[in-house]
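K.L.:
Sequence:
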Amino acid sequence: MIERPHYLDRLLRLRSTGFAKVLTGMRRTGKSGILRLLEQRLREEGVGTAHLICLNLELAQNATLRQAEHLAAYIREHAAPDGVTYILIDEAQEVPGIAQLLYELIEAHRFDVYLTGSHAKLIESELADIMGGRYVEVPVFPLSFAEYHAVHQQSAYGQSTARIFNDYLTTGGLPRALELEGDAYALQEYLDGVYHTVVRRDVAATLGHEDPHLVDSISGHLVENIGMPTSANGVSQTLSSSGRSCSDDTVSRYLTALTDAYAFYRMRRLDLKADTVLKTQERYFASDLGLCTLFRGPHQTRLEGLLQNAVYLELRRRYARIYAAKHYNRHIDFVADGADGRAYFQVKASVLDATTLEQTIAPLQAERDNYPKTILTLDEIGVGSHNGIMQRNLIEWLLDR
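The sequence shown begins at 1 in the working numbering and counts up by one.
Worth double-checking, as some hints may not be accurate.
[Claimed, not checked] In silico DSS-like links for lysine-lysine, alpha-carbon gap of 27 Å or less:
no., residue 1, residue 2
1, K326, K273
2, K326, K279
3, K121, K21
4, K121, K279
Derived from the structure by calculation, the hints contain no laboratory data.
Whenever a hint applies, use it, and build me the whole structure from the sequences.
P.N.:
In structure tokens:
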């Protein structure tokens, strides 16, 4: 297993706090591995089998436990009579009505509960209504570039950091994908399998049915327009121009289904002048860069789009809320709000051209506040300060822990 100390440390900090801990994210991003790492740590600390209940609800052998009453009976039967029993449940969204059971476990004050969920309905439709204030969501993303780079540093590849980053943009960060590097066909087959058996299944779970060709068309459109303003109407018009008639409402439902399955993330726009979140012209980012390879091939997606996708995922790891920004006619790629305040980011492949640099800096200069402002590029020349606006090498920033 790949060590993922960021997530394990966070779960351990939340240990015995009286909250259910819910790991969310697209399937195959490593949530199950993090649960196994937690189980391993608990056993190393002396927690015995009698005080551990570990269940993977995707397994056929646990099919009967996907009913809340059967799961409750199993927990009652196997819980330790004294002390704290740790409950680790993988793919908890497989159990309709699980929120009420979790509420009762938390209220009993003798269970410490950890879950994974691969569909937003677990949070939005169940836990939020019944367990408001009694759970903490821990979003899990594919391997960051720092994690990906660390794996390569431990291997015998001996590749440069720039080459490893180029591979990362193509391969993505799904942990199992690392095993297939160097075999483009096998990687494509694996990513295709993840998409068709995982993403499509969860889209169908949301809609009650799904048109596979429409799912593919909309996903392909989102990949082709990563980081660019997107609307249901715009997607509908694009599909119509290619001979596929589809209403705005249908596109909107499919977009929601794709984000509910964590295949894509929707980023809202922030009007900086009014300090309000806008509900139009959102931007979409793939949950894993490998999905971009799947839909557009390794060299057909805009480089700047891939870079923005990598930065977006990293910002999601570091900050609580991420927006695109609009201030009059000026646009900023990312506004990130976190515990230490706000930060602004522009992403460009290069700003060696003076005109490009001026156009990139101008929106940041228009913001007169004192929050940090950073331009991230692949350039190694020109890094430093432009009258207080920092320019940093994007790869080095990704590796900055």
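K.L.:
Tell me, in ascending order, the numbers of any earlier hints that this structure violates.
P.N.:
none
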